[in-house]
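Turn these sequences into a full structure, and let the hints steer you where they fit.
Chain residues, written in single-letter form:
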Amino acid sequence: MATFKLKIVTPDEAMFDGEARSLTVRTVEGDVCILPGHINFLTALGMGEAKVVPAEGEARRAACIGGMLSVNGEQVTLAPTTFEWADQIDLSRAERAREQAQEKLAHREKLNDHEFAIAEAKLKRALVRSSVASRR
Amino acid sequence: MAGVSMKDIKLRIRSMESTKQITKAMEMVAASKLRRAQDNVTRSRPYFETIYATMCAIARSSGSFTSPYLESREVKKSCYVVIAGDRGLAGGYNHNVLKLAEAEMAQRSVTVVPIGKKSVENFRAHGYDILTDAYIQAGSMSVSDCFTLAKDLCGRFLAGEFDEVRIVYTGFVSILTQQPTAMTVLPLQGEGEPEAAPSETIYEPDSETLFAAIVPEYLGGLLYGALCECVASEQGARRTAMDSATKNAEEMIGDLSLKYNRARQGAITQEITEIVAGSTGS
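First to last, the protein sequences are chains A and B.
1 is the number of the first residue of the first sequence in our numbering; add one for each residue after it.
1 is the number of the first residue of the second sequence in our numbering; add one for each residue after it.
Simulated from the structure, these hints should not be mistaken for lab results.
We put the CB at the ideal spot given by N, CA and C, even for glycine.
It is possible that part of the hints are untrue.
Claimed, not checked - Heads up, simulated PhoX-like pairs for lysine-lysine below, C-alpha to C-alpha not over 25 Å straight-line:
#1 B:LYS76 <-> B:LYS151
#2 B:LYS259 <-> B:LYS7
#3 A:LYS122 <-> B:LYS151
#4 B:LYS33 <-> B:LYS20
#5 A:LYS110 <-> A:LYS124
#6 B:LYS259 <-> B:LYS20
#7 A:LYS124 <-> B:LYS259
#8 B:LYS151 <-> A:LYS104
#9 A:LYS124 <-> A:LYS104
Unchecked claim - Which residues of chain A face chain B? A few of them, derived with a C-beta cut under 8 Å, are:
#10 VAL9
#11 PRO36
#12 ASN40
#13 MET68
#14 THR81
Spelled out as structure tokens, the structure:
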């Protein structure tokens with residue numbers, strides 16, 4: 001089966017570098033699936049689940065937040081700000097973060113816009129993490 | 001007479017030894033921190049290089065659309081992000097990067113974002129226009145700090161507060177070599193030849209929304225990468241400086257011990273001569 005070169009890099013680590021059969025990620029517009037032979041493509045990533053099907057082995061799922069996806073010929077580059085494989089997510093930590101964020105957001109009137117945005121972003125991240133982790 | 005000088009020498013040796021102990025300890029601390037910082041650099045470098053290469057490629061092939069991030073305006077005001085260390089005693093590390101920054105800034109209208117205590121102190125003392133001095137601790141800056149700063153800079157860049165953004169940092173070449181570097185990050189620079197088929201790329205949702213979303217990420221990524229390089233460079237420079245300080249101390253202790261032994265020998269010889277002279281005299 002045809003494959004393409006996939007590279008996943010985050011500020012902390014290179015997560016994946018090798019051949020893959022398909023890559024599904026959530027962009028700001030919705031989910032896209034990249035298959036071999038895709039036209040050159042560039043988009044910004046949203047918050048959601050990513051699915052990588054490597055050339056050999058099982059499909060792997062991950063939480064993938066922010067950053068960009070670029071397809072240039074046969075080279076696909078995924079550069080998210082956060083990328084965590086589903087089996088590496090600490091579910092209890094994500095749940096705790098979710099509760100904390102929700103608690104904060106419950107008192108909307110006490111927060112200024114900046115704090116509100118931070119709490120909201122935290123909640124979204126926690127939700128993505130826990131939904132990816134709990135469906136493994 | 002010999003006794004006094006012997007005592008002096010002994011004191012100096014002792015003080016040299018305690019200095020040596022301190023520099024030795026600092027060297028070992030720097031070496032262990034360096035190992036961690038070096039790991040960080042090697043792990044973040046792929047990201048740093050990938051996003052830089054991707055953005056350069058986009059800037060090159062941007063024939064089909066325009067974006068305020070791509071246009072190079074006439075540079076009336078520049079914004080410099082200068083990353084230096086939090087502490088001294090790192091050889092020429094802080095001095096070199098600040099010297100480069102000042103050389104770059106000379107004759108221009110600039111605003112500075114100093115990162116690191118030494119950088120903040122330097123620009124404050126020289127009366128530069130400082131945009132923010134919230135990043136006084138270069139060592140404790142996190143990824144999210146970098147992204148916040150990047151978002152802020154992008155906003156100000158778009159608002160026209162300055163026409164270019166440059167980063168001055170110290171690149172980590174190897175443990176022994178660190179290279180102060182200045183790099184233009186905004187507007188985006190397309191290095192090399194324009195690509196043959198620029199129109200074949202799909203941008204989603206559209207180029208403008210896309211750029212508004214990914215340019216701050218790109219800048220944040222670059223800042224974080226530069227910061228990692230700087231932290232590693234600082235530790236590298238400190239290790240080298242402390243290593244040579246320890247060696248110098250050892251050398252001085254050697255010299256002084258020699259002098260001390262000579263003086264001691266001299267004193268003994270004199271004593272014997274005096275005794276012999278006294279016994280033959282009687």
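*Check each numbered hint against the structure and report the violated ones by number, ascending.*
Failing hints, ascending: 7 and 11.
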